[in-house]
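Chain by chain, the residues run as shown.
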Amino acid sequence: MAARIHGGAGAGAATALSTFNPKKLVAPSRTNLPAARSSKRCIVAAAGSDASKSLRVGHSQKLIANAAVATKAETSATTGTGHELLLFEALQEGLEEEMDRDPHVCVMGEDVGHYGGSYKVTKGLADKFGDLRVLDTPICENAFTGMGIGAAMTGLRPVIEGMNMGFLLLAFNQISNNCGMLHYTSGGQFTIPVVIRGPGGVGRQLGAEHSQRLESYFQSIPGIQMVACSTPYNAKGLMKAAIRSENPVILFEHVLLYNLKEKIPDEEYICNLEEAEMVRPGEHITILTYSRMRYHVMQAAKTLVNKGYDPEVIDIRSLKPFDLYTIGNSVKKTHRVLIVEECMRTGGIGASLTAAINENFHDYLDAPVMCLSSQDVPTPYAGTLEEWTVVQPAQIVTAVEQLCQ
Amino acid sequence: MALSRLSLRSNNPFLKPTATSLPPSTRRHVSTDTTPITIETAAPFTSHQCDAPSRSVSTSSAEILSFFRDMARMRRMEIAADSLYKAKMIRGFCHLYDGQEALAVGMEAAITRRDAIITSYRDHCTFLGRGGELVDAFSELMGRKRGCSDGKGGSMHFYKKDASFYGGHGIVGAQIPLGCGLAFAQKYSKEENVTFVLYGDGAANQGQLFEALNIAALWDLPAILVCENNHYGMGTATWRSAKSPAYFKRGDYVPGLKVDGMDVLAVKQACKFAKEHALKNGPIILEMDTYRYHGHSMSDPGSTYRTRDEVSGVRQVRDPIERVRKLLLSHDIATEKELKDMEKEVRKEVDDAVAQAKECPTPEASELFTNMYVKDCGVESFGADRKELKVTLP
Chain A
1 MAARIHGGAG AGAATALSTF NPKKLVAPSR TNLPAARSSK RCIVAAAGSD ASKSLRVGHS
61 QKLIANAAVA TKAETSATTG TGHELLLFEA LQEGLEEEMD RDPHVCVMGE DVGHYGGSYK
121 VTKGLADKFG DLRVLDTPIC ENAFTGMGIG AAMTGLRPVI EGMNMGFLLL AFNQISNNCG
181 MLHYTSGGQF TIPVVIRGPG GVGRQLGAEH SQRLESYFQS IPGIQMVACS TPYNAKGLMK
241 AAIRSENPVI LFEHVLLYNL KEKIPDEEYI CNLEEAEMVR PGEHITILTY SRMRYHVMQA
301 AKTLVNKGYD PEVIDIRSLK PFDLYTIGNS VKKTHRVLIV EECMRTGGIG ASLTAAINEN
361 FHDYLDAPVM CLSSQDVPTP YAGTLEEWTV VQPAQIVTAV EQLCQ
Chain B
1 MALSRLSLRS NNPFLKPTAT SLPPSTRRHV STDTTPITIE TAAPFTSHQC DAPSRSVSTS
61 SAEILSFFRD MARMRRMEIA ADSLYKAKMI RGFCHLYDGQ EALAVGMEAA ITRRDAIITS
121 YRDHCTFLGR GGELVDAFSE LMGRKRGCSD GKGGSMHFYK KDASFYGGHG IVGAQIPLGC
181 GLAFAQKYSK EENVTFVLYG DGAANQGQLF EALNIAALWD LPAILVCENN HYGMGTATWR
241 SAKSPAYFKR GDYVPGLKVD GMDVLAVKQA CKFAKEHALK NGPIILEMDT YRYHGHSMSD
301 PGSTYRTRDE VSGVRQVRDP IERVRKLLLS HDIATEKELK DMEKEVRKEV DDAVAQAKEC
361 PTPEASELFT NMYVKDCGVE SFGADRKELK VTLP
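Read top to bottom, the protein sequences are chains A and B.
According to the UniProt record's numbering, the first sequence is numbered sequentially starting from 1.
According to the UniProt record's numbering, the second sequence is numbered sequentially starting from 1.
Treat each hint with caution, since some may be false.
[Stated by the list, open to error] Partial chain B-side listing against chain A, Cβ under 7 angstroms, derived:
1. 150
2. 153
3. 157
4. 171
5. 180
6. 211
7. 360
8. 371
In case anyone wonders, no lab produced these hints; they're calculated from the structure.
We treat Cβ as the ideally placed atom computed from N, Cα and C, and that holds for glycine.
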């Protein structure tokens, strides 16, 4: 069964459900599965000889190296013509279109102007829009995040860039207290239409302090929305949606995904901020993921398909609030959930998602929700160690086999 | 002292007493003469990296009288809040501004409602100065729906958007970058307005102040940073918390001015000067030497780190309302009795507002979830074929 990746945002959810035909294929339904609620967790010896290798991924075996980097994502652009670009260019395109459209949109961050942005997302914008709209700030995250929020209180729409998401910890007070809460504590008088964006995540051997995943820290701030982009298509769409939204939005990008190439439509489009993306519809198990782990999951999906499994892969995209509608429908269909994330095990997005699924869809589950997260360690510098802090495709395959036994 | 004594009793249309229940026969005719008079400030300004403004302040009888009235109203409001807190009608934190009224009133006299003000948690009187209603203030303090933030903000979160009053912030110093953001937006929109960013002597040691100052000076933002130096950061005196207590000089490359914050005319002059300066040359720091009679908040008696003699000493010598009273009496703008009557009116005004606020209902339970998000999620989103796609969350 070929993996079908739906490039259209939102359309995927609707079409996947409409093509589900229970009579068509022999899918293991609830009744077919053996002793689903047993706590026995033996590893099923699969038929293929490569199975044992995948269970024990030794250091000798070549790890699937950075599957996400420079992979051409298969995509079906919804219309015939389109243009191919890299993810950071897609972000730039979205940003530029919004700045053209609305003079209130401005960008502020370190080295976003003359330098062009440390990941080139804002390249060329300073020349086009001038220094007042694309502001090079000094290195003071607390102050310039606060400034962006103050400006937003009057009606401007700043896009605040953290050169690395980890630096925004210095601005946590501003993001939590002022950004998230001002709309509420002022009784609705002020809106804070800021976008806070930046790259995070593990992968370029940047060391512990520059490989942080802040989505877990920000997720409990009331009043903000969080989204994570993973393809050029949704990067542009989410950037535009975030800028147009009246709520403060934190857009999480990933250091390793900036050079992804994809063909995106020429026409204007926006992605829904609160919607999850159906990457690959399936029957046996729901795999929820976001950002870079999507590619590890898809890599694992290839292996799984060869072994006869039919995973349904959903890129949740919206980290706060969760799209429980799409997720719920999927759980009701497959009855098994695996969450694959890059956050730490403790208190990460996966932890919250596990709780949410257990609370809302407990009756539909045939097995406990399984969550694969990064290890609770500071990210080491050494390449091999860094690979092991995050979830690898082989581990995903193992986990699916465990859940689907 | 250069001044012109004018015939100060006039039959011009007068300030209507706000207590409309007074019968017509007891309405007082007080002077509303707006002819400019010049009065010298009691103390000179000390400046840093700029020329100090002149000590001669241009004002008028009507204005000085309005100073008295506004300050009396603010003083009464704070004292009423004190009683309400002790009666447990106000809960949580309550930071009172009495003693510092000259700052709020003098600043308002120098600026317009298009200029922005942002301050910290000691914001009741600033809110009033920006045109806030007494009822809204008391309702907010008591957690009623009528409050200026719908009862969801509390004492530390007063806001008034239409008067460019941006609050009301609980975290010490966090409002300073916000204020520079307001100034940035004013510069971006090319309005000829300024932002007054108020903070205290305690907040003056925050790193974000210097970060924001650097940006403001770098980009020539029309931000005026006002340090309300009441000499105590909660329980810690300035000499114990700051190596250099000359807060107006801390900007280094940013000009500064030290002002007697208990003299409402000096405050007015300084703010006027600062506004002109900021619109031309970028940020400036004003250090207002002021004093608070209450403790840091209602939980702090205010006597463990300072003597009662010190407090009463300041009250006798430097009280801002007494100063204005003396000014009014010595210039024959009003008589003793008229001022006492005005104070009685103000007292009644405040009492009425408290009574009205007590009648107001508390917010409904559903209000817990309102104003979390604007439009409660959902931006119009569409694919490349312009089909509108919206997902309804259950």
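Now for the hints, and whether the structure bears them out:
Checking residue 150 of chain B against chain A by beta carbon gives a least distance of about 3 angstroms; that is within 7 angstroms, so the hint holds. The restraint placing residue 153 of chain B at the interface with chain A holds, with a minimum CB-CB distance near 4 angstroms, inside the 7 angstroms limit. Restraint check, residue 157 of chain B versus chain A: the minimum CB separation of about 4 angstroms is within 7 angstroms; hint holds. Restraint check, residue 171 of chain B versus chain A: the minimum CB separation of about 6 angstroms is within 7 angstroms; hint holds.
Checking residue 180 of chain B against chain A: minimum C-beta separation of about 5 angstroms stays under 7 angstroms; hint holds. Taken as an interface hint, residue 211 of chain B checks out: its beta carbon lies about 3 angstroms from the nearest beta carbon of chain A, inside 7 angstroms. Checking residue 360 of chain B against chain A: minimum C-beta separation of about 14 angstroms lies over 7 angstroms; hint violated. At its closest, the beta carbon of residue 371 of chain B sits 4 angstroms from a beta carbon of chain A; the interface hint therefore holds under the 7 angstroms criterion.
Taken one by one, the earlier hints fail for this structure only at number 7.
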